[in-house]
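Read off the chains here:
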Amino acid sequence: MRAPRMKRVLTWLSASLLVMALVALLVFLERKSHGIVPQARTDLIAGLLTLREINAQLDVDVLRSRNGLNNNYDPLQGGYAAAAQLGEKLETDIVAAGLEVPDALSQLRASFEQKFADIDDFKAANAIRLNSLRYLPTLVGTLEQNPQVSASLRIQANRVAAGLFRTNLLIDADASATRQELAEIMKAVEGLPPETELAQLLQGFQTHSETILRQSAQEIELLATLAAVPVSARIDALEAVLEQDFARREAVAARYGNFLAIYSGLLLLVLFYIGVRLVRLYGQLARINLALNDANEHLEQHVEERTRDLNNALAELKASEAHLIQSEKMASLGQMVAGVAHEINTPLGYVHGIVELLRDMIGSAFTPYYERSRALLERLNNPESAAALETMDASLLAELKPALDNGLYGLDQIREIVLNLKNFSRLDRGQHTLMRVEESIDSALMLAKNLTKHRKIIKHYSDTTPQIYCAPSQINQVMLNLITNAVQATREEDGTVTINTRMKDENTVAVKISDNGTGIPEEVVGKIFDPFFTTKEIGKGTGLGLSIAYKIITQHQGSIRVFSKPGIGTVFSIELPVDSSVPQQEEASAVPDDDMLLLEDD
Amino acid sequence: MLANPLEFASTWPAVVARFSADAQMVSQIKSVYGAAPSQANLSDALATYQRSLPEPSRFDRFLRGDASAITADERLGYEKFKSYGCVACHQGVNVGGNMFQRLGALGNYFADRGTPETRLDQGRFNVTRRESDRHVFKVPSLRNVALTAPYFHDGSVPTLEAAVAAMFKYQLGRPAPEADKRLIVQFLRTLTAQSLEKTGNKP
Ligand SMILES: Nc1ncnc2c1ncn2[C@@H]1O[C@H](COP(=O)(O)OP(=O)(O)OP(=O)(O)O)[C@@H](O)[C@H]1O
Ligand SMILES: [Mg+2]
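Here the protein sequences come in this chain order: P and C. Each residue of the first sequence is one higher than the one before, starting from 1 at the first, in the working numbering. Each residue of the second sequence is one higher than the one before, starting from 1 at the first, in the working numbering.
Each hint should be verified, as a subset may be incorrect.
[Said to hold, decoys possible] To list a few chain C residues with every Cβ distance to chain P over 10 Å, as calculated: (1) D154; (2) E178; (3) K181.
[Said to hold, decoys possible] Label pairs and their calculated CB-CB ranges: (4) L63(P) to T128(C): 18 to 28 Å; (5) P38(P) to H153(C): 45 to 55 Å; (6) G155(C) to P38(P): 26 to 36 Å.
None of these hints come from the bench; they were simulated from the model. Quantities reported herein were computed from a predicted structural model and do not represent experimental measurements. For each residue, glycine too, the CB sits at the ideal point set by N, CA and C.
Modelling step: build the complete structure from the supplied sequences, incorporating the hints.
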């Protein structure tokens, strides 16, 4: 009980594990066969492009700042933010594309950081230089207005200012001349007391000029550093790495794609095979189902048929058994009756002969005695006695003769009965001979004489019925039973049994036994030929009569049928072939219309 | 706020749809939020943007074209602020905050100060350890500067006037009339956010 369930569970478990493994492999291959999502790839390339743009824009903004073309450093600041943000976005994009984040990216970001730091330095230098440069004209103007300033100094200051402005316009301008001239101007300051306005003016001029020169140099240096920051190269490197990764990924994806194709092909084949098997199984199942359904539907019918068959067989068995018993009974009865008849017949012959002899002798045998007595008496001459003898003689004769005649009649009757008994119970039961049905009816009537005493028996015999080939004792039995039934169904007061015989056609003799008795109710008319069916009291009827009759008639290739109307009467109709050794057509016996007429007539 | 029909005559679904229709917007929003535009991430983006905007001051109103937002003197102060070159360092949207500069670009501030240098005085050097970053500080934003006394990295300068004077001397390296300095201070006061102006201690 437990083991099979365990086994089933295990089977299910392993089956579902197998299916899960197969599906997992499929999913795995499918995942692996994806190349880079095109969107991710374009996003990455676009990101790199934007980085290049930002980088270029930074360079441009640096140069614009250098030349004082930008109002402020916000554009540079914005570039930082954009580049930093893009760097992060690149990383998420790379991860999203399923690639490993390459070192090239962090290197690129480091280079950007470097660049930002350098730009910061540059901005610092640039802001101060530009401020000083902007202040320079004011300074020169103030110098020129100072009366203590000599013309040569004025010219020198102007030359220095021009040189400084040149350095602003031309990055690679040579500043050494300007430096020299500035140094010369400052020599003039040395002699002046530091608190004087001119000294302070010149001091400021120097400070700012030097600041411009210093910061300019620093800016140029920073520009070079900036140019050396390998942002562009790092972007190239990153792009190359990414392209390589893309290619590798595509190659791997293509390989997995091939695997996937082969694998799904195999899976399809397996599925197809399973499908075909399933279809076949379903076909079989459907057929079995159909058969089962059919069997189910017809089972009852089959059972009914079987039951009917069995019932029929049982009934038949009972019938034949009863028939056998009856036949045996009849056979032994017949034998006994025949024996008794035979035994009776011989003494009957003597008795008959003696009584006949007696009757015949009464006249002649007594005459001599009479004559001798009369002569004697006459001799004695006793006329009185003679007269008395005369009268005695006459009355004796007159009484004795008819008595003997009556006796003889009785003996003849006994002889007839014995003959009939012998006839009825012929030992040739099984043996067929020729006999007219009327003979059979008469013997039956004869045997039933006691029964028919109080009934009106009407016989309409045909003159033309031939002898038929039959088993006489059996036919007798049929007739006797039918007549008995008819009599039993009718009343003493008005009971009439009519027996007809006729030729139905040249081969068939028809016998009709009608009565005006109770009739047979419709619901039992179908059962009367069944063995043991009787409506009579127990002990009176066995219910075998009609079933035996049926059997006998059918054995004779004939037919027996009944027409009955309760309250009016019953007609039994028998048809027998003239020669029952020749097979007859069963259905030759259609219901003759006059049967019912006959019933109505009665 | 975008969805407020009184302000923008719009609804969130419409806004989301408008953003979704712009491929560049979608990719930007995706890069930040990792998802397609939605009410949640758009409203977050909006809030962030609003926070990044400086709180408007009278000066901002002036810049946007409201000439009456500042007085004539304050406006003059603005002109001085620009022409003297304060704007070279205190610049951009936040009037500063977008670069580093040496305190004492044109004079030795710490020597003149007379007090010993502290670690704090080393400025960005503390972070980068670059000699060139010694005494370098982030140029502070001058928004709300009138409210943030005392001044400078160490809070050693008590008044705005003193701070401006120091700026002239050490950052610009040039003399200026006291009147100009006062005008500039007046201008600096226009940078106070209007929401803070009432509570602010106006000297
Ligand atoms: N002429 C008839 N009129 C009315 N009913 C009849 C007639 N003939 C037969 N039946 C009915 O048919 C039944 C069966 O008849 P069947 O001759 O087989 O048996 P039975 O007469 O009852 O008994 P058994 O013949 O053995 O004495 C009778 O019991 C009776 O009800
Ligand atoms: Mg009977």
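Results for each hint:
Against the 10 Å criterion, D154(C) stays outside the reach of chain P, whose nearest CB is about 20 Å from its own CB. Separation of E178(C) from chain P is adequate, the least Cβ-Cβ distance of about 17 Å exceeding the 10 Å criterion. Distance check on K181(C): its Cβ is at least 16 Å (rounded) from any Cβ of chain P, clearing the 10 Å threshold; non-interface status holds. The supplied range of 18 to 28 Å is met by L63(P) and T128(C), whose beta-carbon atoms lie about 25 Å from each other.
At roughly 53 Å, the beta carbons of P38(P) and H153(C) sit within the given window of 45 to 55 Å. Remark: the range hint 26 to 36 Å for G155(C) to P38(P) is contradicted by a beta-carbon distance near 58 Å.
Comparing the model with each earlier hint shows a violation of hint 6 alone; every other hint is respected.
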